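Q: When you get a sec, could you build the whole thing from the sequences and use the hints?
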Amino acid sequence: PAVPGEVVLDAALARDAGVGVGEQVRIATRSTPAEFRVSGIVDALSRQSALFFTPDQAVALAGRPGQAHAIGVLADPGVAPETLAERVRAAAPGTEVTTGVERSGIECLDVSQTRTLLLAIAGSFGGFALLVAVFVVASTLALTVNQRRREFALLRAVAATPRQIRKLIGTETTLIALVAGVLGSALGLAVASGLRDAFAAIGVVPADFGLAISPIPLVAALLLGLGAA
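Under our numbering, think of the first position of the sequence shown as 1, with each following residue one higher.
Hints are all accurate, no fakes.
Just the calculated beta-carbon pair ranges, DEER-fashion:
1) K167 x D197: 39 to 47 Å
2) A80 x I202: 33 to 41 Å
3) A28 x P55: 16 to 24 Å
4) V88 x L51: 21 to 29 Å
5) R149 x G194: 37 to 45 Å
6) R26 x V204: 18 to 26 Å
7) L51 x A190: 33 to 41 Å
8) E6 x G100: 33 to 41 Å
9) V204 x L51: 16 to 24 Å
The set of hints was computed from the structure by calculation and includes no laboratory data.
In this text, all values refer to a predicted model and were calculated from it rather than measured experimentally.
Here a beta-carbon is modelled for each residue, glycine too, at the ideal position from N, C-alpha and C.
A: Dropping the structure here:
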């Protein structure tokens, strides 16, 4: 943009908004929403949408004259990020310096909201799955025990104690739940990958959002399944 009142959009944002160069767009900022003329379109960013204003316009819209939300520092070739971070901390004591994955909260302001949303969705899915598992296991087990009443009566006739029969049922249920848990965990990885693609397609998470695979959720799901059984 050359003068105040103009804005440059990234290609993805312009495509989603359906606007082109020379058209007017209404942008809501910290102040009153205002009309801007699109003076140009640049390549889409990989992580988030961006608007570009003139320096004076950007300062006015930010509402914090003389202050910056974040400053990006690029390292010279051969300089490790940790080394550069230590140099910045030494040059500007008290400054919060982030590197690596910790930069996500600074570069993408909606990361915390996305993380909260994903945790809420995951918690809802987990609670619903556990509730369904308890009802399914309980009803299936009750049906199975009812169908095997003659078998259990025969075992009782040959001196099997009630404790031994309960142990037999518990052992069979645990083994089946263990096998089902392993198969379900493997299936869950495939479903998680599909959900990631679906969320990225509708804009809930960035397109380059990586799916982190950890054994902790798999073990927790397996233990919850065994507990439900």
